[in-house]
Amino acid sequence: MTRETDEGLASETDESAVLEAAMEAGHILLENGAEIFRVEETMDRICRHFGVKSDNFFVLSNGIFATGGNGEKGNFAKVLHIPVKGARLDRVVAVNQLSREVEEGHFTIRQVRDRLEEIRNLPGKPEKMQILASGIGSGCFCYLFGGGLLDSAAAFIAGLILYLYLLKVSSPHLSKIVGNIGGGALVTLACILLYRLGLGEQLDRMIIGSIIPLVPGVPFTNGIRDIADGDYISGAVRLLDAILVFLCIAIGVGVMFTIYRRLAGEVLL
Amino acid sequence: MSMAVIWEIAAAAVGTMAFSLLFGVPKKYYPYCGWIGGAGWLVYALLTDPGLCTAAEATFFATVLVVLLSRFFAVRERCPVTVFLISGIFPLVPGAGIYWTAYYLVTDQLALALSNGFAAVKAAVAIVLAIVIVFELPYRFFRLPSRRKP
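Those sequence lines, one after another, are chains A and B. Following this note's numbering, the numbering of the first sequence begins with 1 at its first residue and continues without gaps. Following this note's numbering, the numbering of the second sequence begins with 1001 at its first residue and continues without gaps.
FYI, nobody ran anything at the bench for these hints, they're computed from the structure. Check each hint, because a few of them may be wrong.
Computed footprint of chain A on chain B, listed as stretches where at least three residues anywhere in the stretch have a Cβ under 8 Å from a Cβ of chain A [claimed, not checked]:
1) 1002-1013
2) 1082-1088
3) 1094-1100
4) 1103-1112
5) 1130-1136
Source: prediction; values computed, not measured. All C-beta atoms in this analysis are idealised placements derived from N, C-alpha and C, irrespective of residue type, glycine included.
Take the sequences, apply the hints, and build the full model.
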């Protein structure tokens, strides 16, 4: 939907074309896990290079507001709402690189917009690789937190199941809260089943390892950075996001334990 | 340093690289992410194993190293520091704390839940402090040893 409005508003004047491109760059950065100051800085770089006075940006964790023009010619004003999505740091790297190249003067504004379109369409890692990476990560972290080799093998399997759920069920269909509670519960269920089947000896270590792919590393780290930079609103929103996810994971694990205890009538561990 | 610690560092490095893939870090940066994750765990293990520090203190010092290395590589490779920092910090996130808090809460052991939850929060605060402090260092501090690109 935003794509259509972008094209609809496209360049009446050079100034609005530049501001459009800057906002597009900001949009990609913000959506994919960049810090607020980086979004502002990149938009500023693009505008400055093309000679547009650009002190009229306001960037929040999920929106960009920009105005341009001096009141004589047509004014530019735009608000972008940007829902929080998963992080794709390769896009952040690409936009960052682009903004440096723009500063060195390699691009016309048209080329910048084409390049941004390419970055937006950068293919992600294949789903199989992501699932495998989640399994390997879970296994490694299980070992790190004191699990044995069998525990790590079980965490590997639970990590695979978890990411399959995240890709196929949670991110397309569920809200963040329900999705993370479900993820925590699913991991616990998978580990309990594997434990009962005889794979793994320390149920606690298995679960700790395999919940790690749910941990909200991006909002947590960026929230801290934003607050340190003085972007309190965005930082607070991102930290709230992170804390909420941590709580949901804990609730999911707790719920599944309670169900298991009721059904099996025994205390775990 | 025992053999176990070396295996743990290897696990931290491989785990960190796996998560950097999940966050879409470009392939050429995986080794850096691995080094950073492994180095963070090395500091954490060296400080906690002989009981030199509490977990929160060790988390602080390990995070300081993780952020220093992340900033160094970011300047050297001219790319956003987020790329290295987010996955590098994963081994230090108090995942076990979350688990034990949840476990003790549902098994009605409130005192244990509280102390574990508090320990997890302390570790999180240690990470926050370390990140904030190291980002106060001026940019030129990291530029000196950096590679000049043509």
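Practice task
Find the hints from earlier in the document that the structure breaks and name them by number, from lowest to highest.
Solution key: When the structure is compared with the hints, none of them turns out to be violated.
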